[in-house]
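Number of protein chains: 4
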Amino acid sequence: MAELERVSMSLEKPLLQRLERLVRASGYTNRSEFIRDLIRGKLVEEEWERDEEAVGTITLLYDHHQRGLSDRLTHLQHDHHSNILATTHVHLTHDLCAEMIMVRGQGKMVRALADSMRREKGVLHASLSMSSTGKSLA
Amino acid sequence: MAELERVSMSLEKPLLQRLERLVRASGYTNRSEFIRDLIRGKLVEEEWERDEEAVGTITLLYDHHQRGLSDRLTHLQHDHHSNILATTHVHLTHDLCAEMIMVRGQGKMVRALADSMRREKGVLHASLSMSSTGKSLA
Amino acid sequence: MAELERVSMSLEKPLLQRLERLVRASGYTNRSEFIRDLIRGKLVEEEWERDEEAVGTITLLYDHHQRGLSDRLTHLQHDHHSNILATTHVHLTHDLCAEMIMVRGQGKMVRALADSMRREKGVLHASLSMSSTGKSLA
Amino acid sequence: MAELERVSMSLEKPLLQRLERLVRASGYTNRSEFIRDLIRGKLVEEEWERDEEAVGTITLLYDHHQRGLSDRLTHLQHDHHSNILATTHVHLTHDLCAEMIMVRGQGKMVRALADSMRREKGVLHASLSMSSTGKSLA
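Protein chains in written order, with this note's numbering: chain A, 779 to 916; chain B, 779 to 916; chain C, 779 to 916; chain D, 779 to 916.
Incorrect hints may appear among the rest.
No copy labels: a pair is met if it fits in one copy or bridges any two.
To be verified - Pairs of lysine-lysine, BS3-like flavour, derived with a Cα cap of 30 Å:
| no. | residue 1 | residue 2 |
| --- | --- | --- |
| 1 | LYS913 | LYS886 |
| 2 | LYS913 | LYS899 |
| 3 | LYS820 | LYS899 |
| 4 | LYS899 | LYS791 |
| 5 | LYS791 | LYS820 |
No lab work stands behind these hints: they were computed from the structure.
Same shape as in the complex, but just chain A:
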């Protein structure tokens, strides 16, 4: 755990009261922790904007009856095997699979991989969630 520093800042009185309300409404017990999370959220946005190394989770929804689809998705992942940290497969229904794939790499590459999965026939949805290697967050 990193050493904590005491930092002070100035806030308009009404803004401070609204901050207190926001902290409570969000279920935080600690104002510093709330502001730390705002800063971290901004840092992750910046990593993705600057195309730095990032971590993202691709969530796929697909119909495994689509001929050859599982093969193609597996090949695509192997082409990026050094960037794929983990893949978890869930059997949603008799027909449908959900898969979550954690990818580490530059933002653009991760987006391109999600896009290339989305356009496979039989893939009904592909969404991407932006996270971080944590290097700039800890």
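With chain A fixed as given, assemble chains B, C and D onto it according to the hints.
Frame of chain A, contents of chains B, C and D only:
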């Protein structure tokens, strides 16, 4: 201008260094101002999520040759005249008009108004930008 | 008005039924118009991703009592006068002003202008709404 | 695989040309598939707006040295065990863990679960990616 209060919070040392970098990279000269803007951004998000009174700007792009379109857009705005603060019309090209419409009201109403304009034939694009009455920001 | 072409496409039967439901739920009277709007929305996203010439509306909320702020906002706009199509000012309350500024230019420039306005002391919120010159939509 | 229906729609000629360009630029080989994906994307947005049953992936980044954190995250997940489909843990560094958690339930519940994880001390980032049960997509 509201009275300022001095507030102190604790930050992990590396997070503090990254915050300093983020403040500089964003062109702010003042760390407090940067954090105040993070908090205000969160407050505006919350106003829209809770469907409180908000201010939004609808930007329309449309082809004024579409028969009856200007009339219908004007009628729609008159139906909400108490909510519309200002409308500005720009002649983009011989054919195309851009219009920005500032609306005050509950978030859901503002969204619904933008949607009803988007589906008019001849409207090529309608986007909505979420702002605030400022009641909870000042 | 551009000439219309008849295009046919294949849709899974249940997807077609859901499309019909979506068209009705969104208040469209015409399926083609609904799909055209989906395509146009995608084209505008692409213009901004590729940093092509775009149109955007910046909505500002600020306290005009902040010393020198109006001057600085005016200077900033004059520095980009060839890109600013229109500015409309609304007096929200005794203290607060809302301003909507329509800007034409490359996406990155428009974002940077919005950022430089946001970080002025006294500006409580700055949001950006992405629209288009319409060149690729009509 | 559902039966396909042939549907025809009218498109302005220039819009059709841009659609063709968009299809190629996005790497699709099939125009119908491109439009199907636009429609499905819209259907998933609608499921989340209407708070219908949805599938979402929460990606967490946390420091496992934070005392009691793993316990608390595990308890939180057990409180929702009927909604959690799978959890995968990745050891990012000596200190940091990334976890992806697939959740099925109403949109609001999934968001609230993500929020309650985010505010745990030691959790550096929590992001949510919106997917679907696929009921309205297949």
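A quick look at each hint next to the structure:
1. LYS913 <-> LYS886: both (18 Å within a copy, 27 Å between copies)
2. LYS913 <-> LYS899: Close across copies (17 Å), not inside one copy (37 Å); limit 30 Å.
3. LYS820 <-> LYS899: Between copies only: 18 Å across, 35 Å inside.
4. LYS899 <-> LYS791: For LYS899 and LYS791, the Cα distance is within 30 Å only across copies (16 Å; inside one copy 56 Å).
5. LYS791 <-> LYS820: Close inside one copy (24 Å) and across copies (17 Å); limit 30 Å.
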